[in-house]
Each structure stands twice: as C-alpha cells, then as structure tokens.
Amino acid sequence: MAANTTPAQQGRRDGPPILEMRGITKRFPGVVALDGVSFDVRAGEVHALVGENGAGKSTLMKILSGAYTPDEGTLLFEGEPISFSHPWEAQQKGISIIYQEFNLLPYRTVAENIFLGREPVRRGLLDYGKLYQDTAELLARLGVDQWIRPDTLVKDLSVARQQLVEIAKALSFSSKVLVMDEPTAALTDREVELLMELVRRLRDEGLGIVYISHRFKEIFAIADRITVLKDGRKVGTVDAADVTPDDLIRMMIGRPLETFYPEYARPEEIGEPVLEVVGGGNDVLDDIHLTVRAGEIVGVAGLQGSGRTELLRAIFGVQPFTRGIVRLRGHEVRIRSPLDAVRLRIGFLTENRKEEGLALLQPVRDNVLLVHRALRALLARANGGPSVAELASRVDLRAAGLDQEVQYLSGGNQQKVVLAKWLAVDADVLLFSDPTRGIDVNAKAAIHRLIRSLARGGKAILLASSELPEIIGMSDRIVVMWDGRIHGELPAGAAEAEIMALATGQRRGATGQRGGRPA
Amino acid sequence: MSRPLIHRKPGRLALPPTFLFLAGAFAAAWLLVSLFGRGQFLSAANITNIFIRSVALGIVAVGQSFTILGGSIDLSVAHLISVTAVMSSFIMQGDSANIARAVAVVVAIGLGVGLLNGLIITKLRVNALIATLGTGLFMQGLLSTSFQNFAGAVAPEFEVFAYGTWGPVPIPVAVLLVVAALGVLVMHRTRFGAYLYAVGGNREVARLSGLRTDRVLIGAHVIASLSAVLTGLFIAARLGAGAPWVGQDGVYDLESIAAVVVGGTALAGGRGGVLGTLAGVLIFSIMDAMFNQLGTGAFLKQVFRGLIIIAAVASYSFRSKEEVS
Amino acid sequence: MSDGHPTRVQEAIRGTAGGRWREVLRRLPPIFVVLLAICVWISFLNPRFATVPGIMSFLMRAAPAAILAAGQLFVIVSGGFDLSVGSLITLVVLGSSMLIGGDPANTWWVIAVMFLIGIAVGVFNGAVTSWLRVPSFITTLGMLVTLKGFALLWTGGAPRGFLPNNFRVFGRSRVTGIPGLEQVPYAVIILVVTAVAAGYLLHRTGWGKQLIALGDNPRAARLSGVPTARVRIGAFIASSTSAVIAGILLGGFSGVSTNVGDGQELSAISATVLGGAKLLGGRGTMAGAVAGALTLQALFTLLNLLGWPKPLRDGLQGLIIIAAVAYTAWREQRR
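Residue numbers (numbering that gives the first Met the number 0), protein chains in the order written: chain A, 0 to 518; chain B, 0 to 324; chain C, 0 to 334.
Bound conformation, chain A alone (with noise of 0.2 Å):
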C-alpha cells in the first residue's frame, strides 16, 4: 500500500510550514522538559514524532494545545505567532489534537458527540436532521460511513471506532493541523490498516498530520518526515525514505546512563523461584511463562500497549488471569481479586499512586498501615502493627511528620509512602510498574536504590517500566512484551537496540536464555 503521491501534492509537501515552532524551551521545576526544539509540519505531510517516554513528546503536545505555555520560543500558524489559553482556542484555528484518553461521552450518539457545542439549530431547535446528514456526510468523506452511523451510542462501539469518532470530531473544525498521540494503541492490525488508509488520504486533502507513535512499521508506512525527541531535546528530522529502522534506533538510543544504577545482583545473591506464571492468559495477555527468583529483580520492557502493564495487573488479581498456573513458592496458587494477592503477599505499586497507591487526604502513618490492617482482624486496635517511623526511615521518607497528609508530599515520598506500605506486610513480591514517573531525577535514585536493596533482601522483584534505561539499569533479566506475548528475554544489561527491536516487533527473540550475554 504504497503511497501514491501525484507532483501537486509533492508540490505542497515542498512548500512553507503551516505549524512552526520555534526554540520551543520548557522548564518545570528540576527537570528541562523541552530545550530549544524547532518542529514544523506542512500542508500535506505526515510528520512523525518519535522519543522514548520523557523525551518531551507529551509536553511538546500540550504547549501546541495551549495546556501550557511555552517559557521560550514561538508558535507560528501559516506564518502568523499565535497563543492559545485554552485548547478550544486552537481547535477553534484548526489545530486539533486526539489524545490517547478519548474526550467522548459514552452515552450519546456519535452526532452528538461530534458537533458538541456547535449543534445545528432551527428555529431554535436542534436540528437533527442537519445533525445527521452533516455526520453523515463527514463520515461519508472519512470513508468510515459503513462502520459508524451517525446515531449509534459511542458506548456501543469499539475503541477502534471511538478513535475514528475522535478524527471526525477533529475534522469537523476544518482543521488545517491534526495531532494523533499514539493512535494506535488500543488497536488490532486490521484496524490499523483502516487508520492508516484515512490518515492518508487526510494528507492528501492537504492537513498537516504529527503523528505521535513508537510503531515503527506504522511509522515507515506513512511518515514524509520523522523527528527524534530524546530528553528534551531534538536529535534530528529525517525524511523517511532516506533511514532504516535501525537508524532510527539508533537516534532514539546511545546516551550515556547519567544516573548511577546501583550494582547487579551477583549469581550467588540469586536464590529459588518464588514467583511462577506458566501459560497464563486471559483477554489481553496469551501464553505468559514467567519466572521470579528470590533477590532478582525481572524487567519487564515493552511498548505501550504490548501487556506490560496487563501483566502485572493479571498477577496481582485486577484483571486476572483466565488460563494458565501461577506458582508461589513453588506452590500452586489462585489470585482473584487484589485481596488474594495481598494475602499472600504479593505488592503492586502501579504507575498513577494518586489514583490506585494512596488515600490522598489521610496521613502518611494511615497510608503505610493500609495494608497491614487490611490483612488484620476488622476490629484489631490500628497502631498495634510495625513501627511505621522505622518504615519511614527503611524508605528514607521526607515528610513533616509522620501525621502529614501525603497530599502535601513530593511526587518521589509518596511512591516511597506506597513502598512502605508494601514492607508493612513483609510482601516479598513486589510488582513495580514505572515506579519513577513524574519524580524528579534525585528522589529517582533514591528509589532505584531502595528496589536494589530489597532485591538484596531477598525479595522477588517484577519491574514494569515505559522508560528503557531503567529497565537496563535496574534488571538481572529483562522481559520484553509484544502484542500481550513475552516477546523474548535479554540478560542483564542488554542494549537498548536489541530491547527495541523486539518490543517493534522486529525481530524474535530466544526466550529462556539465562545469565551470559549472548555473544
């Protein structure tokens, strides 16, 4: 499915930018999120924005949405310096951006949702005739009109087509410019085709499309151009038919760890199997084998949506498996519900501790004993437990006192708040997943610290992480997913561009492999 490109339109693609940026800096306190980034996407391309998670792509976003306003810099929209307050304001220019989380409402039609806001009236009444025939008529021009009907309820289709929904809604403003944040996420390979065949024939109407993606194969299908973000800064823009895939990892990759990753685990710190998933499955994850060892910390890398998370999830009973064994300690053992696997001590820290890890009004003493009371007779006195100044201190928490609510704590003491929660109970499981985001780089290696030590410990570690030098630094093993699978298995230490290359689904990789790096 080649791209036919006519000379007009190569003629467009040539031509002046319709959106600039210019020297985009941004700054949040301890952390440069953007350093001086150019980008500019013209009328008729598709430019891809590729960088691991961090390297700014999501800031880049919201300063382009008006969420945030750039420190230094300019925009310029078909040449004019524009800012925006609010991203209707954009929107209302012809920038329209879809992001991964949906703004629809599940309970009304696609219509509605559409041209929310903006509902055609007769006489003061809606008119829904002109409602219809105009969704219709846009639907018609996405070519998806076979799939989605105007008055169907967005509950009722899939995430796939609540994705097309997102694109009509942004064409309905005419816009000139459409971001896509990962688009294909939560999508099937066939649905994808379907994405990529309207994104290019957008392209060929004339909208300048970025389009956010970790998808090498979408990315080679339709990129013009492609833009390679990594720590806040731009590494280069390439015109994609002149790299490979490898260039493009190496582009990503090759920095430098800057921050000091405490030791591996050496053999003989290594000790029995405590966790064991053999064949496990359920909806999103198929034919999960997977072994934990005492004092080894087990990485598991992959892409968003390759069932890193779900994975976790799955072991620690949110979404649980449906077929295949776990094993604890040797033990066969089955994990229901989150209870189960607190029961058997088993800890999850999951990557949003605001919305999953604490109860953000209570103290920092209620929050570390949450756990353990769970445990507990209901009616057992609450300060009987473990002496949660000396879990404070295990952690190495900073806070005013242990009667701070954790509200009011940095991002780096609540995740230290949620692990102290977990050593209340003595889980010697714990399942990590991206531990460090959004904490600032002293209090990250703080924690990664803390992981280490409890390895050391004795404990078995699960590391899920977006952020691939983590994973390097931090793992005895890594795990790499793809499509809900475990794709392959890299030692200790691997490089990056092997990690890549099997969580793009590049290439295969031998599962089972043990200790050495492979020659």
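Calculated from the structure, these hints are not laboratory results.
Don't take every hint at face value.
[Stated by the list, open to error] Calculated cross-link-like contacts (lysine to aspartate or glutamate; reagent style EDC-like; alpha-carbon spacing at most 20 Å):
(1) C/K277 - A/E100
(2) A/K229 - A/D70
(3) B/K320 - A/E354
(4) A/K353 - B/E321
(5) B/K320 - A/E355
(6) C/K277 - A/E354
(7) B/K122 - C/E331
(8) A/K443 - A/E466
(9) B/K320 - A/D282
(10) A/K61 - A/E19
(11) C/K309 - B/D248
(12) B/K320 - A/D339
(13) A/K154 - B/E203
(14) B/K122 - B/E203
(15) C/K277 - B/E322
(16) B/K320 - A/D155
(17) A/K353 - B/E203
(18) A/K61 - B/E203
(19) A/K154 - B/E321
(20) A/K353 - C/E331
(21) A/K353 - B/E322
(22) A/K216 - A/D180
(23) A/K175 - A/E196
(24) A/K61 - A/E100
Given the structure is predicted, the values throughout are model-derived calculations rather than measurements.
Chains B and C: place on chain A using the hints.
Coordinates of chains B and C only, in the frame set by chain A:
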C-alpha cells in the same frame, strides 16, 4: 479487541427500559386486581384516576430529571411546593382578579430559588445535596413562621386547573402531558439539553468543548424550581388553599428523586431522560391504584414502593464493576 | 517537583507529644469554637445553663441527635449516605410499643429484637450498595420509604400502645447518687459511652481507618487488599445501630408518635458536615460530628431564648449548614 458493531434500531427516540417495568407493573396490577380486587382495573375511570394521581409528582419529577441528569440534585422542591401553594392562595384570596398577580409572584419566587440554588452550587461550590437542603429548610422556616394553617383561598376559576376537563381529558392530566412534552423538547431538542447531558456525563469533556458548565447547571435548577412551582399551584387548586405542610406531606423531594432514578436516569448524571421519569411516576401511581383496589391500605404500598426503587435501580447497576458508595 | 520537606522523619517526630498535639489542635474543626461561643451566649441569657444540671438537661435533649450523627459519620466517611435512619427510629419506637404491649416484662427482649432489626437493615443497606452497586443514596432512600411504611403498617397508621416505664427510663430519667454530679440522665451516659465507642471504632481500629481510606480513594483501598464490601457493610450496621439507640431514647423522651423520626436523617448528615466531615468520603472526625449535633441543639436553645419561633430556627439551620460547607470549600480552595 474489536467488538461487533451494535446499531440502535432505526428511529431515534428509543424507549427506555423503564417502559418494560411500566408494562410489567401494569400487567401485574391488572392481573392482581382482576383476581383479588374490587372494581375493574381496566376501566376508563381507573386509568384516568391513575393519571390524575400522577400529576403532582409527575410535574415536579420532570423538573427534577434536569438536575439529576446534570449530575446535581434538588432537595428543596418539597418546600418550594409548600411556599407556592400557600403564597398563591394567600394572594388570590378567592378572587379571580388576583390570579395573574399570584401566579406572577410564585413564578418569580421559583426563578429566584432556582437561581439561588444554582449559584450556591456552582459559585460557592457547595455540594448540591447540602445546598438545596439548606435553601429548603430556610424557605420552610420563613413560611411556617408566617403561616400556621391554610391561608387564603384560590379563586374558583383557578380550581379548573385541578378539576376541569377538556373534552374527555382532565385538565391536570393535559397539563402534565404538556409539561412532559416540553421537558422532552427541552432535553432532547435544544442545545441546552445537549449541554446538560454533556455536563452530567463528564464535566471536563463539556469544559474542553467550550461549554459554560455553570450556566447549564443553573439553568437546570431554575427548571426544577419552576416545575415545583407548577406542582404547588396544582396542589393549591386541588385543595382550594395552600397550607405550609403540603409539600413535605407529599414527600415530593425524595419521591421525585425516586421517580427519576426508577425512570432510568443515573444518579451520577449524564444518562436518562424525561420519558423514563414519566414512566417512573406512572409505575408508582399504578402500584398505588392497585393496592387501593386490593384494599390493602396505604402502608403496604409504601413498603413495596421502597423496595421497587431499590430493585429498579439495581436492575440498571448490578452489572457494573465500578466501586460504588 | 523539588523536595519540599528536607526534615527527616526521625527528627520531625522527636518531639512527638508536642508536635502531635499541635497537629491535633490545628486540625480541630472550627465547630468547637462555634459551639463554645453559642454556649457562652446562652449562659449570659440564662445563667442556669452553665450549671451542672443545666448542661445535663441540654445534653439529654441533644443525645439522640448526637448519637445519630455519630453513627451517620461512619457512612459519610466511607463516601455514602444513610437516609434510612429516620424511618428506622420511627420503626423502633412504634415497633417497641407494639411488641411490649404494655407488659414491662417484655422490654428487654424487645430491645434485643430492635437491635437485631437494626443490624439487619444495616446489612441490607451495605450489601445492596456493595454487591448490586446501587448508590447508597438510593438504597437507603428506598429503605426510608419501606421502613416507614412497615412501621405504619404494623400500627395501622396511628400511634398505638404505650411504652412502659422501664423502657422510657433511658430517655427521660436520671441516675442519682453519683458524687459531685447530682443527677446524670441515662441518656447522657449512653451518649458518652456511644460516642467514645464510636470514636474508638472509627479512629482507633483498623476497620475505621480502612473505612476512611475507602471513602478517600476506593480504587487504592481495593488495590491495598481492603475487603471493601465487609468494611462498608460495617459502616451501615454502625449507622443503623445508632438509629436504634436514638429511637430508644426518643421513645423514652417523647413517647409514641408516628413522626418521631421524620427528617432526622438530614439533621444527622448536617451535623457531620458541620463537624468537618467531607461528603463523598475520606474525611471526618467523631468529635466533630458529635460537636456538630450539639451545636445544632445549642443553636435551637439559643434562638428559643431569643424568642425566635421554632420554624424560623429550622430555617436558620439551613443557612448555617450552607455557610459551613461553603466555608470549607473556600478554605480547601485557598490551600
């Protein structure tokens, strides 16, 4: 991952599942009354009676649908009904010349109360339950201080609102149907209605779409208050005068909320509609009529009403996986 | 995100006692100041109020509402509502008079039956909310209607029978012979015992802490292994039990009537909110809730002394709870 497409059946105004319950209630009542009751269930008089029973609650419940759909709630309606009933009959003093003035005054009161409720909720960010409980208590306090008993009398011409007929249709039933039709029109055929669904469904999505969410909520509260005023006028017309306890006696605050949720509108907002509410009210009336004809007394029906409320909402919610409190 | 708290925990907690007390004082809901102010004002108007008997009879009148608020708080901190308590009070009063049938010998087992009914109602409310996922506002609204209907069905709609003296002592009699206190009403003793027990359960047991955490963040609580259904059902049992106690006191205080419980549920919710509890869960103290109920009662006493008619007193209550919640919202916003 890809699920099969589910299309809604052609025809846009799909009937809410509540109508299944309504049909069930109707069939059950018919059966039980035929077997064990006195009189006929399916007589014109009885059906008319069921509708007339629905008027007072029906009108205010239509208004309540708007607040709940928007993710809010109004506990002050019962007290506003009392205020309206008393003020209208007090101002009329049995003289038809005063009808216009009385109606104007109570409508103005309703507008004010609705506005006040909406402003307290949106601008002072007071939980809707507490805000409307507070304004309700306040209104009731002022009213009960000034009036201890039936006050004044409505004009004889005004009683037509309660007792008149229009061909074969009692005027109050016609009014209820008009109010419901207006409710459907506003909720399903105006931008305001569409915005209300959005605000109740997801305030953030509504905000990102450039809607003025506060105004929408205030509008919903004004509608609820105006519907309470209309119910108050109807009660005054039926009783011939208003007394400061008529609203609370009818438990219109909690009953209207019950009718709305039995009608399939989610307590959290964003989902439901006026037609379902009407069905909810009719279910209550049918059960009342049935228990009357079965001669079981008023209290057994109350026992069942509570259970019906719980069962109806459970039938919508029990499949959900979300933690609810 | 810089590290805003460079103090290490050990250093911070060194002066535990002092620091903790200051923290407690800082978090003391402003309701105590209001309560004190109103009481001082009442004492100026009626010096008898500030005597031991004056305080005792004030507490006796306030006891049912305060106990009810204490029970309601369990449900409020968990993020729910219990609207069924008013009807449960009515059921307790009417049901007791029916079952006792004038024979004082029946009092004890009837009281036991009432507690069993209360526990059953609590289990039902909590189970329907947890497992059928009906919002507790609706579950308990349904129970409000059903229980009232059941109570009236039982008595045929009118107050029937009477409550014997050995039932009514709890609500209206005093214990004599306690040195230094002259006469202490049973109701005050029951209030103190209930409030202390409730305070212990909410603030000193694992269950209470889990309940608050559940109301604060249900997802985090579930992922921490909190048995959410059991914890929540417990809250509804606590609330229903408090209604049974309040019903026994009210029956003793004012005798058999069919509207004894009407509106009590909303007063109880108001009291918890006045006491600093957060609707929809996660925050609230037992001392605050009881103080909230006492404040409402004190306010009524004050306005009564000032010659305000009863309806106007109720009206002012409405304004006060709005103001209290608006103040809380404003303070949270400012922080």
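Q: Could you tell me which of the hints above the structure violates, numbers in ascending order?
A: The structure conflicts with hint 1 only, although it agrees with all the remaining ones.
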